[in-house]
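Chemist: Given next are the chains, with one letter for each unit.
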Amino acid sequence: MTRRSGAVRTLPLHVILLAVGAVMVVPLVYAALSGFKSTDELSRNPFGLPEHWLTGNYTDILRSGDFWRLVGNSTLIAVGTTVLVVAVSALAAFSFARFAFRGREVLFTVFTIGLMFPFAVAVLPLFLLLRSLGLLDNPLGVILPQAAFALPMTIIILRGFFRQIPGELEEAATLDGCSAFGFFWRILLPMARPALGTVSVLAVVTSWNNFFLPLLVFTDAKWWTLPIGVQQFQGQYSAEYARVFAYLVLAMVPALAFYSVAERQLVGGLTAGATKG
Amino acid sequence: MTSTFLPDKRTGPDLAVPSPTKASARGRARRRTLNWLTAVGFQLPALVLFVGLVLLPMLFALYAAFFRWGGFGMPSDYTGAGNFTRLFQDPVFLGDLWRCLVLVLLSLALQLPFALAMAVLLNQRLRGRAVYRMLFFAPYVLSEAITGVLFSMVFAPDAGLADHVLGGIGLDGLGGEWFADPSYVMATLFLVMTWKYFGFHMMLYLAGLQSIPAELTEAALIDGANAWQRFRNVTLPLLAPTLRISVFLSVIGSIQLFDLVWVVTQGGPDHHSETMAVTMFQYGFKRYQVGYASAISVVMFGICLVFALAYQRFVLRRDLEGATTTMRGDGK
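Each protein sequence line maps, in turn, to chains A and B. Under the numbering used here, the first sequence is numbered contiguously, ending at residue 277. Under the numbering used here, the second sequence is numbered contiguously, ending at residue 609.
Mixed in with the good hints there might be a few duds.
In silico lysine to any residue, SDA-like type, Cα no more than 20 Å apart, as pairs [said to hold, decoys possible]:
#, chain 1, residue 1, chain 2, residue 2
1, B, 563, A, 16
2, B, 563, B, 367
3, B, 563, A, 216
Calculated from the structure, these hints are not laboratory results.
Excised from the complex, chain B in its bound form:
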């Protein structure tokens, strides 16, 4: 609509110039403007939604983080970097950072390798592999909140399934308080996260594995490479782009972990399972220290940003280079 209307206004003053060469140049410019307006017109709804509900709120949080503010009216009590210095002296928040790091490391060391092993296994001709694939991925479609409630029942001390199973195979000693035990709560949460998410990473790897041409592993086989050598020197390097994406998603997931923790432990016992998002929620919505909670949002944002940029710069670069060349290649 606007695209047919606005360009006339824009090019209006030019109409006074009569020269024929100018006229065709003007026609071209006019067409280009029209084209630009049409293209941007199609973008407009998405842009409004994105700027209004993603970018502006983030900018506002960045602003609010410099105030002591209860969340009502406009922030006025400017504290400079006060919220941030307080944040980095807050043992709970420092604990959040540490727990986030622990989850990231556990995921990289255990969950993703396990997912990869399952993907390699299910990439072979095995009876029932379609069923296993579907089964392993199924928990991904469940809500994290519902998964949390389920496992709070499974790991209920004494009464839950986990303690009964351990008791049944004579390992009573291993059963215990699970989510209620400060030393085991993170490990138990990690188990639940693995149950829910390894299937997702497995699916990514399977898609990656299927895009590797069989000729390459066959060639390696003919050259006398054993199974491990074929995996290590052929499959793994070719799977690298998928692995990088999966690592990226896993890290971002750990940074923003909230639903599961909130439903199962609310960060307890005594902050031992609290995450950054939970701390932010506590301050922002329970204690009405919105300025301070905004500072937590900003730090989470900063961590994501630095991680994403560093990752793009040092790790993803090769993949993206491929993507940008194709982008220019077929750009009309």
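Isolated chain A (complex conformation):
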């Protein structure tokens, strides 16, 4: 790399980046601005700033209980999935990382095979199983399968992290009379906080964005999650473009806000998961 990387050399690069950046941003800004217009104005003035900044589209949605119920359901399911998958995976990853036992590699292979199966492949038999267990229209019907499908990736990431913790620590704890679970609970987990953060963020985002399973499990509107709600809203108000835009924008806000605070964990988790998987 030459040090004389002046403005002239980087100018074309900046032009490219600006162009790509525009393609990424414009649909989002277009949606946000359109939400401030009336549907009439939207057809006359698709690009420009709104003539009158109408906030009605947004405030109507925020004032209706429906939107907040979707947010609440999505949150409940995301939190439930995350707590379950992280707890269960941490136990399994601890065992994979710190114990030598017969069948360990076989068991680990079984879990890694799970990485290869996309959700869509198993969704039909899963639905039949949930129906026979009476878990349709029940948040557990989404939480349990989501946790099950998130296991392989979570276990792999946590196992990698648990292995890096020096064995002397475990020996010292054992000499002090610590049981295996005591070591796991009082020493390993607190040390693994960054890794737990990473896998939690991954689980939250995956659950938050899931569409297929909630679509099948929740026929009752009272359990719908945000992605389902957005799709339904568009179907219901298909002629009222401006309202749909406002709804879309509000539905994107939680995910984007979460991303802005948890970017490091998310990217770290995805790259770690991909390189270790």
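We have chain A already, so just place chain B on it with the hints.
Modeler: Just chain B now, kept in the frame of chain A:
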């Protein structure tokens, strides 16, 4: 809990043997059993969840695929391979396979190279690169369903943003029906997929690029290699493991594509954007031909499995060899 209780039962009969050497051997065996039970005890919750909700349903689908079955009661009308022969004569399903292949090829030919180019660009010292990085990756955190609704509005014929932009720069002729046009629907979907996913692949590549020691490219520079030669002969080979993983994830993603298509076109117009998952959904949940839909699940599963195994065998092998040696190296 169980680990302290069960081993006593197991070793119980041995207590009758009094010899001291046997006793220590017995102690060791006992400790080993205890250790095994503790280790497996920690695995148990994960194992129950995984077997119950991932493996068993898949096995059941494999079973149901051999029946004509409406989805209620147990399957009883055995049809042998009937569902599968029907599947491979079904023009819609054959179309699904073709469209899947098209998406895979488009991703490999356009989306991933584009992501790589962006990664190389953003791996340099440029003002604002952190902002670009964050921006390009941002769509990845949006739900595919929400992205689908957004772009169904952007590409709405005549009224949408895309047609207005094209009209604005004097390319009215290029605007059109987008998702409603059988010849353009897949291309439009691919554009949306690229918008949403290239940032993810870019992030993987960036992580890969950052793990390449700067000394290597510097050495090549001193040896007189130009920028392209440095990229082609130093960077690219060292990035190979990341590239392989990214290709793998991209292919699996194309095989299971559902949310986006379902929200935007439901497979239309006239099946022209239908994917395997959409066809499976139609038969399994709309037409109650659950046996037939299970057969589609099984074929999707088979494709994933064959692809994954072949990929591991022929492409990923080198990476995994590294991984398994370290696994044995520090195994206690």
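Chemist: Give a verdict on every hint.
Modeler: Hints, verified against the model:
no.: 1; hint: 563/B <-> 16/A; in the structure: violated, 46 Å
no.: 2; hint: 563/B <-> 367/B; in the structure: holds, 17 Å
no.: 3; hint: 563/B <-> 216/A; in the structure: holds, 11 Å
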